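**Student:** Those sequence lines, one after another, are chains Z and L. Going by the working numbering, 26 is the number at position 26 of the first sequence; the sequence numbering is gapless. Going by the working numbering, 1105 is the number at position 105 of the second sequence; the sequence numbering is gapless.
Note that these hints are calculated values from the structure, not bench results. Being a predicted model, the structure only gives us computed values, none of them experimental. The reader is advised that the hints may include incorrect statements.
Quick look at which bits of chain L chain Z covers, simulated, 3 or more residues with Cβ under 8 Å [unchecked claim]:
(1) 1055 to 1061
(2) 1296 to 1302
For lysine-lysine, the following BS3-like pairs were computed, each having C-alpha atoms within a straight-line distance of at most 27 Å [unchecked claim]:
(3) LYS8(Z) with LYS1334(L)
(4) LYS1158(L) with LYS15(Z)
(5) LYS8(Z) with LYS1158(L)
(6) LYS15(Z) with LYS85(Z)
(7) LYS81(Z) with LYS8(Z)
To list a few chain Z residues with every Cβ distance to chain L over 12 Å, as calculated [what the hints assert, rightly or not]:
(8) ALA18
(9) LYS75
(10) GLU151
(11) ALA169
(12) GLU171
Note that beta-carbon positions come from the ideal geometry of N, C-alpha and C, so glycine has one too.
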Amino acid sequence: MLGEGIVKGMLETAKNFAGSFVSAERLTTVEYPEERIPTAEAARVFPFLVYDGPEWEAGLRCVACQICEKECPPKCIYIEKSKDKKPDFVGKMQIYPTRFDIDVSVCMSCQICVEVCPFEAIKMDTQFELATDDRFGALLLDRKELAKSNEYYHEIHPTEAAEVDERLAQEKAAAEAKAKAAAAAAAAKASADAAAKAAAPKPEPPAAGGA
Amino acid sequence: MGNWSTLDQIFVILRNWLVGFLPAAARPAAGAVLGVIAIVCVFPGLFALTTVFERKGLGRMQNRLGPNRVGPFGFFQPIADGIKSLTKEDIVPRDADAVVHFLAPLVLVVAVFMGFAVLPMGRNMALVDMDAGLLFFFAMGASTELSIFMAGWSSRNKYSILGAMRAVGQMISYEVPLLMSSVVVVMATGSLSLTRIVEAQNHYTGIFPNWYVFTPWGFAGFAMFAIAATAETNRTPFDLPEGESELVAGYFTEYSGFKFALFFLGEYLGMFSISGLGATLFLGGWSAPLSFLNVVPSWIWFFAKVMTAIFIFIWMRGTLPRLRQDQLMNFAWKFVLPFTLLDVMVMALWRFMGLGWARWVVCSVILAGVYVLMGRVQMRRKHFGPRSYRYAE
C-alpha cells in the first residue's frame, strides 16, 4: 500500500532514536579529548630515539650512521656526525649524532627508518597529538625532543621492546665473550687497558676523541 | 475555576495591565505593539531551541550524539551560532542586484511573521481576530515564494536560480492542495476565522474532543495538509530548493553572515506558522486533547501541538531521502490534488447524510478505498528494487 515504506522507515529511525537513550552499544561515539580508546600496541605515528640509562645524551643508541637519513623516502631526517667518539652499549667506540632533526610536517610515518636501523636506535612512538601553533621552529624536532628512554619504549610497545632487549643482550654477551677471548689471548696489559675503558666511559670520550 | 483561568489568561491580563498605564487613546495601538513584541521574541527563541533539538535529535536517529560542546548538553549552541553569523563577513556578489539581494531575506522574514498575526495561540490570544484569517494566512504564506525568487534571481548564480525555480515550481504546486485540504475545514465550520474554527472544535463527546482530525474527511484532509505543508516549508523529503548535495544551498547559495541566518530563521518560522495552522485547523488549536485536561492553560496546548509537529518534521528529515523533481510534481498533481478534491466532495456528502453512524462508514470506506486504489494504480508501473544501470554495468 502507498506509504507503507515511509511508515517502516519512520519506525526504524524511531527505534534508533529511542534506542540511543537506553542501549550504550548504539552510541559508538568516543568523546575524544575526555575519553580515549587505548592505542593498539602496533600503532605507529612518529619516530623517536631510544636511549639507555638515566642520561639521554650519554645513553643515545644512535651512532650517526645516517642509514635512516638516506633511506627516508620524504627526506625528513637531518643528521650531523660528531668529530669525537663515545662508547656504545657494548663498549665499542662510536661516533654519535651532534644533530638529529626530524621534520614532523614531512614525516609520513612509514617506519622505514626503524626497519633499516642496525642499532635499534630509532623506534616508532604512539603519541599522535603533535599539533603546534608554531609552524616554523616547533615542527622540526631536535635530538633532545626526540630522545625517549628505553623504559618508555617498553611501556608503549612491550613485546617488541622485550625482543629488542634480548637481541641487544645477546650481542653484548657475544661481544663480551669475544673481548674476553681476546683479552685472554693478549697480554695482561692490553686486557687491563680494555677493562679500564669499559669501566670508566663517561669522562673519557672527549679526551680520547682525537685518536 | 478562578485559579486556572488566571493562568490561562496570564498573557492577556499582563498586556491589559501594562496597557492600563497609558491614556485610553493609545491603548489599542500599544496592545498591538505588545503582541507583536511577544511574537517577535517567542518564535525566534523557539527557533533557537529547535535548531539544537533538531541537531541532537537527528544525531540520535543516526546513532551519534549531536552538538554537546557549548554550554550544558550543547544548549548554548544557538548563541554561538548567532555570534558567528553576526560577525561573519557579509558578501554580496559583484554582479548581484544589490537592492533585491538585500531585500529578499527581509521580505521572507516579514511575510512569515505576518502569518502569526492571525493564529490563535490560546484562549483570546489571537493578535488580530480577523474574519478572513485563513485567507490572510495563505496570502502571506504565498508571498514567501516572492522572496525566494528574489533571492535566487538577484544572486546571479546558476545554483541560486535553479534552487529558486525549483522552489517556485514546488511551492505553487503544493499551494493548491494546501488550500484544498483546508477547504474542508471551512466547509465544516462555515467560517474563515481561525478563532471560530478553534471554537467549533472545542467541544467534547464524553472526555474525547471533537477535533476535525477525528473524522474521516478531517483525517484525510490533515494527512494531505501535512504533506503539502512539508513541501511548502521546503523540508525533507521536499527540500529540493536547497538540495545541499546538488545545488550547494539552493536559492541562498550567495548569502552569508546574518542574511543567511535570516533565511534560516524564515524557514523555521515558516515551519512554526504552518504547524500552528495545521494544529488550528485539524487538531483543535488551543483546546485540550481530553476534557479534564482543560485545567492546563490553553497556550501550553497550542505550543505542545506545534512542537509535536516540529518533532515530526525532524523525524521525517532523519528518515526520508529527497524526491526527484518529476516525482515531486507527479505526487502533487496526480495524487495529492485529486485526493483533496475527493475529500472536499466527501465532506459535502458528510454534510448531507446528517447525523448518525452511516456517514462515518460511507465516508471512511470511500476515502480508504480511493487511497488504496490510487496508490495501487499509480505504483503499478513503478519498479521498486535495486536500481539498474543501462551503461554503467
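**Student:** Looking back at the hints listed earlier, which ones does the structure fail to meet?
**Tutor:** 2, 4, 5, 6, 7, 8
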